[in-house]
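Those sequence lines, one after another, are chains V and L.
Residue numbering for the first sequence is 1 to 54, as defined by our numbering.
Residue numbering for the second sequence is 1 to 233, as defined by our numbering.
A hint or two may mislead.
Said to hold, decoys possible - Label-pair distances were calculated between CB atoms; the ranges are: (1) V:34 - L:92: 38 to 48 Å; (2) L:4 - V:34: 43 to 53 Å; (3) V:43 - L:102: 20 to 30 Å.
To be clear, the hints were calculated from the coordinates, so they are not data collected in a lab.
The beta carbon of each residue, even a glycine, is placed where N, CA and C say it ideally should be.
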Amino acid sequence: MTHAVHLMPNGRASDLRKEPLIPSTSKVFACPKTALLRLAGLDSVTSTPRTDEL
Amino acid sequence: MSSDLRADPGEIHRALDLLIPADQVTELRALQVPEGRGFEKTYSGYFDDRDKLVEEAVKLSDRGAKGVYVTLNPVDPALLARANNRAKKAQKGSSTGDDHIVRRRWLAIDGDPVRPSGISSTDAEHESAVTRIREVRDYLREQGWPEGVLADSGNGGHLLFRIDIDRDDNGLVERCLEALALKFSDDKVSVDTCVHNPARIWKLYGTVARKGDPTPDRPHRIARLLEVPDVLG
Chain V
1 MTHAVHLMPN
11 GRASDLRKEP
21 LIPSTSKVFA
31 CPKTALLRLA
41 GLDSVTSTPR
51 TDEL
Chain L
1 MSSDLRADPG
11 EIHRALDLLI
21 PADQVTELRA
31 LQVPEGRGFE
41 KTYSGYFDDR
51 DKLVEEAVKL
61 SDRGAKGVYV
71 TLNPVDPALL
81 ARANNRAKKA
91 QKGSSTGDDH
101 IVRRRWLAID
111 GDPVRPSGIS
121 STDAEHESAV
131 TRIREVRDYL
141 REQGWPEGVL
151 ADSGNGGHLL
161 FRIDIDRDDN
171 GLVERCLEAL
181 ALKFSDDKVS
191 VDTCVHNPAR
201 IWKLYGTVAR
211 KGDPTPDRPH
221 RIARLLEVPD
231 VLG
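Chain V extracted, bound-state conformation (with noise of 0.2 Å):
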């Protein structure tokens, strides 16, 4: 898997990778919370309102 880094909007790198998986059942580990957040632009740094929030 190739390892992304992400050069953020103020210029601070980060990692997804870095941040800990959250253990649920068995063998299977969950997609961090702050990957959905990033992907639906709803994280701190990246977040841009939605047109129905402007």
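Starting from the known structure of chain V, fit chain L onto it as the hints suggest.
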């Protein structure tokens, strides 16, 4: 008119073992099960017995159900009392509601070929949708996401990521799907943004997807797991 494809109990067991903890209560729902004289019914039941779940899924799929589905997220165990480890004809309002889900455990992404409703995909459409969902997987991998489960819905592609978030997520899952749809949907393949609700039912791999009548160009297919990462296996 139906196909003579049969469900694959081994694949159903494999899928359930991967996706759903053995002690989790899960709704099984089979849509449009032929009842004779042209009638069709939906069947539904709640299961915490893996073998009985597989047995009912095989039976309903082989009776010609248009599709056999399960709830991926854990269901309030009280619903077992609706139909305890058996499937029965569903009554109005008897399906699992969003407020019956305990927690969100899967982010489910569905890439479906754009085509008229109610028909199976062509082989070319099917392949393009699976290819597109691989592209979604590759993109998320580049973003640092963990490995997902890649699957064939029978008509398109599925991608599943294990998550562990509250049922009431303030639209987080919906917005994730919207973001992916914005990037990956086009006039050939659509990333479905409607599958965000926690009680969403999901195709049970190992059962037959029967949308419309099968034709040489638009065959029925068995839904299957395609790629299961080692970390999940």
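Verification of the supplied hints:
1. V:34 - L:92: 38 to 48 Å: holds (41 Å)
2. L:4 - V:34: 43 to 53 Å: Once the Cβ atoms are compared, 48 Å apart, the range 43 to 53 Å for residue 34 (chain V) and residue 4 (chain L) holds.
3. V:43 - L:102: 20 to 30 Å: holds (26 Å)
Of the numbered hints stated above, none is contradicted by the structure.
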